[in-house]
Amino acid sequence: MTTEPNPTPKEPSRLYRMWDSDLAYAFRTAPVAIAATLVALIIIGGAVFAPWLATMNPFNPAELNLMNGFTPPMEPNAFTGETFLMGADNQGRDMLSTILYGTRTSLFVGAMAVLFAMVLGISVGLFAGWRGGWVDSALMRVADVQLAFPAILIALLVFGIARGFIPDNLRDQLAIWVLIVAIGLSDWVQFARVVRGATMVEKNKEYVQAARVIGAHPVKIMFRHILPNVMGPVLVIATISLALAIIAEATLSFLGVGVPPTQPSLGTLIRIGQSFLISGEWWILLFPALTLLALALSVNLLGDWLRDALNPRLR
Amino acid sequence: MSDPLVKIDGLTRRFDVSKPWLNRVIEREDKQFLTANADVSFEIGRGETFALVGESGSGKSTIAKMVVGLLAPSAGTITFDGQRIDAGAGIPRSLRRRFQMIFQDPFASLNPRWRVGEIISEPIRTFGLMNATDARKEAGRLLEVVGLSANDVNKFPHEFSGGQRQRIAIARALSSKPEFIVCDEPTSALDVSVQAQILNLMRDLQDEFGLTYLLISHDLSVVRHMSSRIGVLYLGRLVEVAQGKKLFTEPQHPYTRMLLDAVPDLALSGRRRRPVEGEIPNPISPPSGCAFHPRCPLAFDRCKQEIPQPRQTPIGQAACHALDHAVA
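One line per chain: the protein sequences are A and B, in this order.
According to the numbering used here, the first sequence is numbered sequentially starting from 1.
According to the numbering used here, the second sequence is numbered sequentially starting from 1.
Check before you lean on any hint, since a few could be wrong.
Examples of chain A residues toward chain B, derived with CB under 10 Å [said to hold, decoys possible]: (1) 24; (2) 28; (3) 32; (4) 207; (5) 208; (6) 209; (7) 211; (8) 212.
It should be emphasised that the hints constitute simulated quantities derived from the structure, not laboratory data.
Idealized CB from N, CA, C, for every residue including glycine.
The task is simple: from the sequences and hints, build the whole structure.
As structure tokens, this is what we get:
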């Protein structure tokens, strides 16, 4: 049965196999997932290519014209005659350009925070699950304590501490990194828990024992053997975390402890915009808020869909 | 045996199965230990197949895990070619290379995310035996040795059937050119039709490479087909060791007889089969004296008090008091 030579003349290409996979099929038949991906891709694409797409660099004072201040959307400005698709803010910045740049900051902070949380969570989870015993208990108690604090509180705490350490002249440059660490620190527990649980299942499987018999290094077993087998749920959490991290960043920036005003994110734009809401300049608030909503919703829907698609019990 | 390859002496393994510390303090309980193996001693000669048989829970797999260093013994020694290998992580690589293991479940023993070529060449790479290109070629060659195609190196394990996967697992075990392979129930997860193929492959490889096997099984027909010597385990203790074929014709220990009586025969000889009576006792609180005495038809007073030591029998050794009194 097994001795016959295996002809397989032409292996199907990698791209074709990806298109033909179960996951791709589930994707093609889920309109919500397709729509969410489209929206997310448009926003992410806009953010990535902001310097080429935006009509102006809203943070270069030389390009601003104060006369354009408070120009409503799609109406020519009374003095300069310029028209803005989404209007202009109090300093005459084009809202669309500002949003593109703001989304860039938001996405960067969100993605880096999730990456940081992922690396930390995966490492802690793998180590705790692999070692078991008191190491596991100690690490997971730390995680439990961490989980008892709301994410915003941890972020504010980190932010406050960092503020005390960082000299004034570096504060603006480092603010983004402090924000990333703050959001990442409040988010790693989920990764650690999922990875720990899966590691405890995987480490008793015989392929891990086979690697131990030949004396493979534990770090190699953890990262080369176990990690690829626990990445499925990790990617799902990462997607959902990305939406949450973007919202967390917006919340912190809205509270004024986020990114510096020279590099505004969507949260900063919303904070600025809400002060003009009462006076009737609604576009300064509405468009950044809608962008944040669309981004968070589409990424979240994508994460939810991915979770269901990868869950064997829901197949 | 003058120069055994593997020598196991007084091997004992206890597992701590106590409740957590707080529960013990509150409920005023002592620590509890499960003795999986007690005082097991045997030798495996070069080129032979030594089989360990026993019911579920008799400690067969625990011995296998201790021999390959997955578990540390609580007491006793394991010697491989004159060198101790029970030191845990301290086994030198040059020694580790010389023994390998084949596992029970071929669906769990191959990493589902790795390609077959990577799986087979992992021992080669870990021991640094060859460079990457040679290791890849070697993986293909080994696949052919075990009856698969060299083109299969690029496939994933899920593309193979159970028997084919077990062949891949065997190829992986062979890749570090070992002398000794521990086989933990290598066929019990396979279809009966495939079992014979795998067993025959294992025998062919033994002849070709001069391998020594420690075969763990609960299937007496597999053991009979494969082994030169057999050890019978009961509740973690070795009750009888005997020459392969002789054990089936002249069993000495009453437990061995009970096991053999329960085996169905295809010849439909009309022999009345006696089912195995009773169940293996709880290893946390084993019976006093000979652990088999509650189920033994020959038991007498001494069996309840004294743990029997192995005695010479015409076909090997057996640990039974009845042998002294000629009741057996």
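Right, here's what the structure says about each hint:
no., hint, result
1, 24, "violated, 17 Å"
2, 28, "violated, 23 Å"
3, 32, "violated, 29 Å"
4, 207, "holds, 4 Å"
5, 208, "holds, 8 Å"
6, 209, "holds, 6 Å"
7, 211, "holds, 7 Å"
8, 212, "holds, 6 Å"
Violated hints for the displayed structure, listed by number in ascending order: 1, 2 and 3.
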